[in-house]
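2 protein chains.
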Amino acid sequence: MITYIDLPTNEDEETRLREYLEDVQPEDIAEYVSGLEDREEQIALIKFLEPEDAAIVFFELDDFSLVSDVLLSLPRWQAMAIATEIPNDDAADLLADMPDKARGRVLALFDDEARADIIELLGYEADTAGGLMTTEFVVVPAFVTAQKAIEMMRAFAPDAETIYYVYVIDGNSHLVGILSLRELIIAGPETAIADIMQTNVMSVNVQDDQEEIADLMTKYNFLAVPVVDDEEHIIGIITVDDIVDVIHEEATEDIYRMAGINESEDDEEPSVKGAYLARMPWLLITIFGELGSGIVLSGFQARLEQVVALAIFIPLLTGVAGNVGTQSSTVTVRGLAMGTLESGHALRIILRETTIGLALGVSVGLIVGGIGSFWQFPALGLAVGLTLVLNNLMASFMGTLVPLTFKRINVDPAVASAPFITTVVDITGLLNYTLIAAAILNI
Amino acid sequence: MITYIDLPTNEDEETRLREYLEDVQPEDIAEYVSGLEDREEQIALIKFLEPEDAAIVFFELDDFSLVSDVLLSLPRWQAMAIATEIPNDDAADLLADMPDKARGRVLALFDDEARADIIELLGYEADTAGGLMTTEFVVVPAFVTAQKAIEMMRAFAPDAETIYYVYVIDGNSHLVGILSLRELIIAGPETAIADIMQTNVMSVNVQDDQEEIADLMTKYNFLAVPVVDDEEHIIGIITVDDIVDVIHEEATEDIYRMAGINESEDDEEPSVKGAYLARMPWLLITIFGELGSGIVLSGFQARLEQVVALAIFIPLLTGVAGNVGTQSSTVTVRGLAMGTLESGHALRIILRETTIGLALGVSVGLIVGGIGSFWQFPALGLAVGLTLVLNNLMASFMGTLVPLTFKRINVDPAVASAPFITTVVDITGLLNYTLIAAAILNI
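Residue numbers (my numbering), protein chains in the order written: chain V, 1072 to 1514; chain X, 1072 to 1514.
In case anyone wonders, no lab produced these hints; they're calculated from the structure. Computed from a prediction, not measured in an experiment: that's the story for all the values here. Be aware that a few hints might be false.
Identical chains blur together in the list; that is why a pair holds if it fits in one copy or across any two.
As the list claims (entries may be wrong) - Listed next, the in silico EDC-like pairs over lysine to aspartate or glutamate satisfying Cα-Cα at most 16 Å (straight line):
| no. | residue 1 | residue 2 |
| --- | --- | --- |
| 1 | Lys1219 | Glu1254 |
| 2 | Lys1290 | Glu1098 |
| 3 | Lys1290 | Asp1133 |
| 4 | Lys1118 | Asp1140 |
| 5 | Lys1290 | Asp1099 |
| 6 | Lys1118 | Glu1082 |
| 7 | Lys1290 | Glu1131 |
| 8 | Lys1290 | Glu1102 |
| 9 | Lys1118 | Asp1077 |
| 10 | Lys1478 | Glu1413 |
| 11 | Lys1118 | Glu1090 |
| 12 | Lys1219 | Asp1266 |
| 13 | Lys1118 | Glu1156 |
| 14 | Lys1118 | Glu1085 |
Just need the whole structure built from these sequences, with the hints factored in.
See below:
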């Protein structure tokens, strides 16, 4: 971590700063730059970076206005040197949000080929294969030798973001094979590529969703996966480091959704208004659900008037059932997302969770039933204890059934979030309570 | 996906099966094998795999008893051929859980060097750098040329799990530099390694925790990171595909913890007893917390007797406050974990969340206050509405303050889970309700 950098005031200091910055990870420079309040100061510092480090800082900060401010205030040759170092996919991400005028001027800093690629990439949705892929990759024809392929790569490589896999094409630019750089290097120089390549190449379509791609790359441990168009021409690759970010993003989305926050609040720091809109729908569900709980209690009002001590245990009953329901739904939702649970084994999953729910219910019922008997009176303790057993059984059942059902009808199981499950189990739990209490207390 | 494989009954069918299996991804074979009920059938199928595919199937299935059953029932030459293909780190993971006797017999299938490495790896904790790393990596001395280095790699590479980075050492085996395979390939053949290597090498200590390593590799977009001992000797590397699994694992752990499930339920399918023990502690917190809510209500009992309709809104009040508190705590806990929020900016984070909480509170208060006025009577509607505004403000405040405080005192903020926050806001929320209701209803 960088704690403080003094901007240089003479040439000696400039040289020392450049030398210092060369030895620091550009990601750490990005962190430091993001902490600077003053735009002028940010620009001044970035000017002293090597072009390739500046490109990484741009990617890390992900701030298109900083990028246009820096590039458009630098001498043209220096701006072009930095632009050359920005991978096309990162450039497209940065340019996507730029106002049209700045975008045109920044695009002019790239060479013709890169510009054409960037404009193409700008046409894809950010969360699809097209939005994730880079157009910089290495292809070789199937008929050349390993030696020749290495020579071709020496010529290509300065433009390629990653060369860890080599893609093999036929005369029509169709993807026909793949080999790792490792396989290429250890092959005899005169071996034909066609003889050492693997022909079962897995690829993704340019319109595929990023979550599917992340799952695929996780499952098969790929470092990169080729992206093809509808005619099976290779048009890009997606590398595992971009997937690492997708995995974090998707986990955050799931975590948020489970807590009752819509994915629109997925940005790093959305506006208060954005956060309000992302959270309010779930509160509305809670309100109208819990008005249902209120209706259950108001039907019980005459009996509550007789034994008002019944009300004392309401928060405990709803709290515990909500807790147990959320535990079961979380395990089920996450298991379905990770592929460790399969919705085909629904019966086994439900049986397992309800067994756990029953065990928890009996324990909790005994403890609270005992406390309730001494604190208030035995019949009330018994009613509360029995209700807890039944409620926990039911909460674990609902917590498992609801996400499994959503999965079956192709709704994201994460919608079976804590607010949703909690509300459902509150209503049914209070209904159990009123019925059990009425029977046992004979009211 | 493979739907069905018939085991061969003659040589023709055997050849066809072998050819078919060569064209299928070993991860898909693993999936199919895991679905077979019969151990004999599993073994029979694995026997037809290429040794390197069998090794991947073993890794994917992560089932040590299958590994020993297969390896010890195969002819020794075939078992040794498979063993050669298992990367040392995977082998150590598989052997870790094997009974001593089987482990000794399986270890005997590896060559002397691999066996020594595996035994060393078995000594490290699974969730540390030592447990994640492989001992197969490529080092070259700083003084050789690029051409010579490529030749050395040709000789080494068949044993190296990944050669995407080349590590450079001095005469004392200290790590002094790094270069990517790409940089090596595009360098002129006669260039000295010392001239093209990067000298600011980031490494991790063999005892570092896997979560720290995942964060480091995510931040710096590394494909691999070297592992050093306390004397800075390079002893292994960790590759990004192992880190992808760690990221999924850590996200699951956080999700579980936030839902009130201890990390011991992190296994794919723990026993019912394990799940019970992982969830019960949080239920106990809920019980004793909500008994606190009960004490608040019992102090209010005389007034509840006068206006029993007050009880109707208790589930709504606790449900909404729990919901808002969980939303704020989730955003804070995840933001701290991802590094998008910094505990140093506590005041700004709290201000933002309480602003959102207040906005949500006013909306919810107006809606429920209005409904309450018509459904019951205006003074009760007013009391419930005002309580909702105050409770939501307080819930968002607590939901933010608690994880920030935990972070400050070095407790995992994820401990500020839904059950914990819900219970805290229930008690204070009901206290607010009793005070506001007593004042407005003049009881």
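Verification of the hints:
1. Lys1219 <-> Glu1254: Result: close within a single copy only, 14 Å intra versus 18 Å inter.
2. Lys1290 <-> Glu1098: Answer is between: at 7 Å across copies they meet the 16 Å cutoff, but 29 Å inside does not.
3. Lys1290 <-> Asp1133: between (29 Å within a copy, 14 Å between copies)
4. Lys1118 <-> Asp1140: within (12 Å within a copy, 62 Å between copies)
5. Lys1290 <-> Asp1099: Between. Shortest inter-copy distance 9 Å satisfies the 16 Å Cα cut-off; intra-copy 31 Å does not.
6. Lys1118 <-> Glu1082: within (14 Å within a copy, 70 Å between copies)
7. Lys1290 <-> Glu1131: between (27 Å within a copy, 9 Å between copies)
8. Lys1290 <-> Glu1102: between (32 Å within a copy, 10 Å between copies)
9. Lys1118 <-> Asp1077: within (14 Å within a copy, 66 Å between copies)
10. Lys1478 <-> Glu1413: Classified as within: same-chain Cα gap 10 Å, cross-chain 36 Å, threshold 16 Å.
11. Lys1118 <-> Glu1090: Close inside one copy (13 Å), not across copies (58 Å); limit 16 Å.
12. Lys1219 <-> Asp1266: within (14 Å within a copy, 26 Å between copies)
13. Lys1118 <-> Glu1156: Intra 14 Å, inter 49 Å, cutoff 16 Å: intra-copy only.
14. Lys1118 <-> Glu1085: within (11 Å within a copy, 65 Å between copies)
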